[in-house]
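Those protein sequences? They're chains L and B, same order as listed. Going left to right, the first sequence walks through residues 10 to 367 as the working numbering numbers them. Going left to right, the second sequence walks through residues 10 to 367 as the working numbering numbers them.
Watch out, some of these pointers could steer you wrong.
If chains are identical, the list can't say which one is meant, so a pair holds when it fits in one copy or spans any two.
What the hints assert, rightly or not - Restricting the straight-line Cα-Cα distance to at most 25 Å, the calculated cross-link-like pairs of lysine to any residue (SDA-like) are:
1. Lys357 to Ser296
2. Lys357 to Arg160
3. Lys91 to Pro162
4. Lys91 to Ser159
5. Lys248 to Arg67
These are computed hints drawn from the structure, not numbers from a lab.
There are 2 protein chains.
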Amino acid sequence: MRDEKKTGSGSSEFDFIARIRRQAQKRISNLDSFSSLIPHPSSLILGIGDDAAVIRQRSGLDSVITADLLVEGIDFDLDTFKTSPRDIGHKALAVSLSDIAAMGARPRWALLSIGVPQTRWDSSFLEEFYKGVRALACLHDVTIIGGDISRTPERVVVDSIVLGEVLRGRAVLRSGARPGDRIYVTGSVGGAAAGLNILQQGSHQQTTRRRTRAQRQLIQRQTRPTPRVEWGRMLCEKKLATAMIDLSDGLSSDLAHLCRESGVGARVEAGRVPVDSLIERAGINESDALPLALNGGEDFELLFTVRPRAAAKLPDKVGGVPVTHIGDVTGDEGKACLVEGGRARILKPSGFQHFKRS
Amino acid sequence: MRDEKKTGSGSSEFDFIARIRRQAQKRISNLDSFSSLIPHPSSLILGIGDDAAVIRQRSGLDSVITADLLVEGIDFDLDTFKTSPRDIGHKALAVSLSDIAAMGARPRWALLSIGVPQTRWDSSFLEEFYKGVRALACLHDVTIIGGDISRTPERVVVDSIVLGEVLRGRAVLRSGARPGDRIYVTGSVGGAAAGLNILQQGSHQQTTRRRTRAQRQLIQRQTRPTPRVEWGRMLCEKKLATAMIDLSDGLSSDLAHLCRESGVGARVEAGRVPVDSLIERAGINESDALPLALNGGEDFELLFTVRPRAAAKLPDKVGGVPVTHIGDVTGDEGKACLVEGGRARILKPSGFQHFKRS
Numbered sequence: 010m011r012d013e014k015k016t017g018s019g020s021s022e023f024d025f026i027a028r029i030r031r032q033a034q035k036r037i038s039n040l041d042s043f044s045s046l047i048p049h050p051s052s053l054i055l056g057i058g059d060d061a062a063v064i065r066q067r068s069g070l071d072s073v074i075t076a077d078l079l080v081e082g083i084d085f086d087l088d089t090f091k092t093s094p095r096d097i098g099h100k101a102l103a104v105s106l107s108d109i110a111a112m113g114a115r116p117r118w119a120l121l122s123i124g125v126p127q128t129r130w131d132s133s134f135l136e137e138f139y140k141g142v143r144a145l146a147c148l149h150d151v152t153i154i155g156g157d158i159s160r161t162p163e164r165v166v167v168d169s170i171v172l173g174e175v176l177r178g179r180a181v182l183r184s185g186a187r188p189g190d191r192i193y194v195t196g197s198v199g200g201a202a203a204g205l206n207i208l209q210q211g212s213h214q215q216t217t218r219r220r221t222r223a224q225r226q227l228i229q230r231q232t233r234p235t236p237r238v239e240w241g242r243m244l245c246e247k248k249l250a251t252a253m254i255d256l257s258d259g260l261s262s263d264l265a266h267l268c269r270e271s272g273v274g275a276r277v278e279a280g281r282v283p284v285d286s287l288i289e290r291a292g293i294n295e296s297d298a299l300p301l302a303l304n305g306g307e308d309f310e311l312l313f314t315v316r317p318r319a320a321a322k323l324p325d326k327v328g329g330v331p332v333t334h335i336g337d338v339t340g341d342e343g344k345a346c347l348v349e350g351g352r353a354r355i356l357k358p359s360g361f362q363h364f365k366r367s
Numbered sequence: 010m011r012d013e014k015k016t017g018s019g020s021s022e023f024d025f026i027a028r029i030r031r032q033a034q035k036r037i038s039n040l041d042s043f044s045s046l047i048p049h050p051s052s053l054i055l056g057i058g059d060d061a062a063v064i065r066q067r068s069g070l071d072s073v074i075t076a077d078l079l080v081e082g083i084d085f086d087l088d089t090f091k092t093s094p095r096d097i098g099h100k101a102l103a104v105s106l107s108d109i110a111a112m113g114a115r116p117r118w119a120l121l122s123i124g125v126p127q128t129r130w131d132s133s134f135l136e137e138f139y140k141g142v143r144a145l146a147c148l149h150d151v152t153i154i155g156g157d158i159s160r161t162p163e164r165v166v167v168d169s170i171v172l173g174e175v176l177r178g179r180a181v182l183r184s185g186a187r188p189g190d191r192i193y194v195t196g197s198v199g200g201a202a203a204g205l206n207i208l209q210q211g212s213h214q215q216t217t218r219r220r221t222r223a224q225r226q227l228i229q230r231q232t233r234p235t236p237r238v239e240w241g242r243m244l245c246e247k248k249l250a251t252a253m254i255d256l257s258d259g260l261s262s263d264l265a266h267l268c269r270e271s272g273v274g275a276r277v278e279a280g281r282v283p284v285d286s287l288i289e290r291a292g293i294n295e296s297d298a299l300p301l302a303l304n305g306g307e308d309f310e311l312l313f314t315v316r317p318r319a320a321a322k323l324p325d326k327v328g329g330v331p332v333t334h335i336g337d338v339t340g341d342e343g344k345a346c347l348v349e350g351g352r353a354r355i356l357k358p359s360g361f362q363h364f365k366r367s
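Looking at chain L on its own, in the form it has when it is part of the complex (with noise of 0.2 Å):
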């Protein structure tokens, strides 16, 4: 039996797009109303329902453009872990936001690749992931101008793109700290890799139901991270970041990513790292909080770097999230160390990785 209301009951790919695209329209007409530090940015000039889209482009901007693919069974899980068609489209978009804000830049489009099995098109599944885009979308003011549906086999996989844009030669790359600039990180670290821990051990221990806030909270932290594009945005248009990245893999890995581009090395101290509170809350160990702080991952967090003199510029929060220094580069290229306790050791990168060095 299948019900009428569901996706693809009666209905071609070229009837949801058609739908998508009716819902994205009204978003199109709602452009002009916003605020911005750009004073005059791209306009759309079509979106969805022809061979591509096509974006009027204003001299004086840079466009800035990511992908992030997103795999069934490797980056979320719909069954075990019962995470939402809702939530996986709301971390799909975020993954992207993320990396435009580390970029320093304003998001502005999106295009979702997302590739179901007909078991998926035949349920809610595809609107409700569409529903977690769309609110995600909706608050940073981007517009859904494209993608590709698919069929798959047997997994869901989902493309998200974003172009974003910037003032012209201002974005904010990895490869500009120096030695001596201070390193912040916004928010807190550790609670996504602490929300992914819980529902591993729930998926075995069948404890679903007598979780605690925290623990739920936490969860929370992975399946729906919050990118920080106002930080982002701010600290751009402000000039005070040297240099941006996102955490994904990381804090560890992302640091040496930005250390090396940048050809310095760095010094954290570990008694800095802002630890999500919640991990405490939520009974984990008080020394399981900093290995998943430094290396835990998918916080989409942002990590930069800025000059000591211009440290004194810096808001304590932005939004409601505020910033922590957690240590200085130095010139030591390609070393990051951790001091604890008064001593000092490497900070190995030891974050999320896809693939196994054989």
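Following the hints, complete the assembly by docking chain B onto the known chain L.
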């Protein structure tokens, strides 16, 4: 035993991305050496290796963006058909270049998101895949500026994103056809579908080595389609095409898309449809040829409309590829008919659909 030259041997995805980046940078250094219809194209500020790519915008241009998802087991077959990784790289980019061509735009930048299982990572798959991408990109002066690499549990999945440029307001949409316009198609049709049939039969009969030259050429139509970039750009530059679409789903379906967007109908002469001559040479039944040409899909030819008074300006060939006048646009909104042996019948959209209607 692992081959030292292979992708995954002792390397992470970061090493692989670094390699792709070096290869891409070689291309970037040659960027200014080509001639172009567009006087001041955008320029690449930052390619692979940061959170996102950065492109400098120029006013007077519109950006054109498309994404196409290809999934192993649906859109291509590695094991049964023995499709080479290089051919998959070629086809992934070709499909998106074809979309850009169908807008009349010049393709400029590409992002490739690719998911592969660990076993493919441990083989030369990705190296070969990118060789296929790069060879076609090079042919069209397209630079690879980003994407994502992810692990998948079983199957290869590719999302190909291409950005192009077109003079302001000059993109050729699906919606510009008017009653009386002539309908044209580039090259020939039906070959890609015939090639797929041969692959599917061969996989059962194990007749791979006994294929004729024509059969092998038809397989190439399926595995290595040629996007009609030069035709698309010429039709836009000379303002000849009033509407355009590329033939991905099949002539009957894609013509229906164009008619719907333009609010028109169409009348196609069966005898004029340029059925791929390889089909006859490969010994395929004459009665099967026209259905393959009308509904087969994946030919990636361009279907476009031209005002009757402009038709004389249309060249016979562009880059050796001919064009055929197959019929005319009518005012009979939403209705396409096929005239065969003096009798007209409805041309039902019967091309490829990913999802079955329930």
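Right, here's what the structure says about each hint:
1. Lys357 to Ser296: within (18 Å within a copy, 67 Å between copies)
2. Lys357 to Arg160: Between. Shortest inter-copy distance 23 Å satisfies the 25 Å Cα cut-off; intra-copy 40 Å does not.
3. Lys91 to Pro162: Answer is both; intra-copy 20 Å and inter-copy 18 Å each pass.
4. Lys91 to Ser159: Both: 23 Å inside a chain and 22 Å across chains, each within 25 Å.
5. Lys248 to Arg67: both (22 Å within a copy, 23 Å between copies)
The structure agrees with every numbered hint stated previously.
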